[in-house]
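Here the protein sequences line up with chains A and B, keeping their order. Each step along the first sequence adds one to the number in full-length UniProt numbering, with nothing skipped, and position 152 is 152. Each step along the second sequence adds one to the number in full-length UniProt numbering, with nothing skipped, and position 152 is 152.
These aren't lab readings, by the way, just hints derived from the structure by calculation. Note that the Cβ used here is the ideal one computed from N, Cα and C, for glycine as well. One or more hints might be untrue.
[As the list claims (entries may be wrong)] Ranges between beta-carbon positions, derived for each pair:
hint, chain 1, residue 1, chain 2, residue 2, range
1, B, E210, A, N151, 49 to 57 Å
2, B, A114, A, P113, 18 to 26 Å
3, B, Q112, A, V213, 22 to 30 Å
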Amino acid sequence: MSGKPRLTYLNGRGRMESIRWLLAAAGVEFEEVFLQTKEQYDKLIKDGLLLFQQVPLVEIDGMKMVQTRAILSYIAGKYNLYGKDLKERALIDMYVEGISDLMQMILMFPFSPPDAKEKNLDSIKEKATNRYFPVFEKVLKQHGQDFLVGNKFSWADVQLIEAILAVEEKIPAVLSGFPQLQAFKTKMSNMPTIKKFLQPGSPRKPPPDDHYVETVMKVFKR
Amino acid sequence: MAGKPKLHYTKGRGKMESIRWLLAAAGVEFEEEFIETKEDLEKLRSDGVLLFQQVPMVEIDGMRMVQTRAILCYIAAKYNLYGKDLKERAWIDMYVEGTTDLMGMIMYFPFQPADTKEKNLALIIERATTRYFPVYEKALKDHGQDYLVGNKLSWADIHLLEAILMAEECKPDILSAFPLLQAFKGRISNIPTIKKFLQPGSQRKPPTDEKFVAVVKKIFNI
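Let the hints inform the model, and build the full structure from the sequences given.
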């Protein structure tokens with residue numbers, strides 16, 4: 001037992017990617033087990049390792065944690081990325097939840113039927129540029145600090161940089177109206193732990209492709 | 001300005017109901033302002049009081065909090081319903097995410113097309129009885145205590161009772177195979193603050209009927 005957290009998921013982004021980002025940003029090394037077949041997944045369930053029969057699963061500090069948000073909250077709390085008090089935590093939670101809603105659209109996108117893809121892409125662009133990015137642009141402008149909450153690096157910053165890069169993959173010029181976010185993106189990308197995660201060979205997973213979609217359908221088929 | 005928390009939402013359960021439950025269980029009195037028309041929602045948006053243009057919104061402790069989970073986490077922590085340390089919080093989070101998934105299915109049920117209702121109801125019942133309730137039944141059985149986490153009332157217990165009652169509205173005998181959950185239901189329902197919330201005349205909202213579905217669709221343009 002190495003003591004490092006162990007992540008069990010598919011060999012792709014999905015719901016585990018935010019967890020990889022947060023651990024990496026916190027400078028925490030982790031191991032990964034990749035699900036490639038339905039049999040592997042069924043075995044995990046049969047062995048009683050998945051509380052609600054679902055992944056992500058993260059084995060950490062003697063717990064077999066499931067539920068993405070629970071896992072992220074635990075990591076954020078443990079590695080001091082959750083603000084200094086209840087009110088800072090409230091802000092971090094609000095920001096993270098908003099960004100999660102945007103990330104959810106991106107998560108589901110590869111699984112949309114071909115005739116809905118264009119509409120869904122437009123929806124992602126619209127929500128990013130009209131609902132979510134303006135909020136964070138304004139927050140950064142108003143306090144003039146480098147980080148979203150409490151003048152200190154937090155889970156909210158990690159979630160935001162992840163989201164910015166994910167949206168940019170689909171809509172390259174999406175930050176064109178957001179100078180603060182452009183500066184934020186540069187600053188966050190240059191933080192040592194994040195810079196390392198953004199380099200080839202890191203545990204960061206590539207954007208979902210057709211093969212990933214096929215694997216998802218295969219492993220989780222009921 | 002101490003003031004009571006003020007809740008902004010429609011006059012129905014939706015995503016605000018878990019917040020009403022938690023405040024009530026914590027013995028916190030709150031006010032409500034109901035969105036009854038599309039114009040009411042538009043006004044909140046144009047007044048700039050909804051961070052991501054969405055409700056629920058709860059005015060509490062000088063903040064205009066949005067995002068259901070952020071609001072619930074804040075209330076839970078403030079009123080000591082979030083465990084005594086990081087690990088208890090992790091368990092509470094995991095349990096709450098499970099009941100959130102179950103209640104989410106029940107919440108969306110009235111909004112689904114008529115020809116899918118029978119199938120969706122069957123899925124709700126299947127998930128409740130094979131994925132979710134067994135977990136909580138086992139948790140109670142394994143430690144033999146009255147509450148899910150840390151031998152103390154927490155957000156997880158309140159959320160589970162809410163989920164049980166909602167599931168029973170779908171199928172009255174849904175707890176028939178879960179004796180410990182039946183006992184749990186009786187115990188938690190008798191906690192004075194919760195007992196009061198379960199009585200007629202409280203701020204608890206009724207199940208969503210077809211008429212209310214039409215109102216909601218109109219307000220949110222869906």
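- Query: Falls inside 49 to 57 Å, the C-beta gap from E210 (chain B) to N151 (chain A)?
  - Reply: 51 Å, holds
- Satisfaction of the hinted span 18 to 26 Å by the C-beta atoms belonging to A114 (chain B) and P113 (chain A): For A114 (chain B) and P113 (chain A) the Cβ distance comes to about 22 Å; the hint holds.
- Distance restraint hint 22 to 30 Å, applied to the beta-carbon atoms of Q112 (chain B) and V213 (chain A): 25 Å, holds
Consistency with the previously given hints is maintained throughout, with no hint failing.
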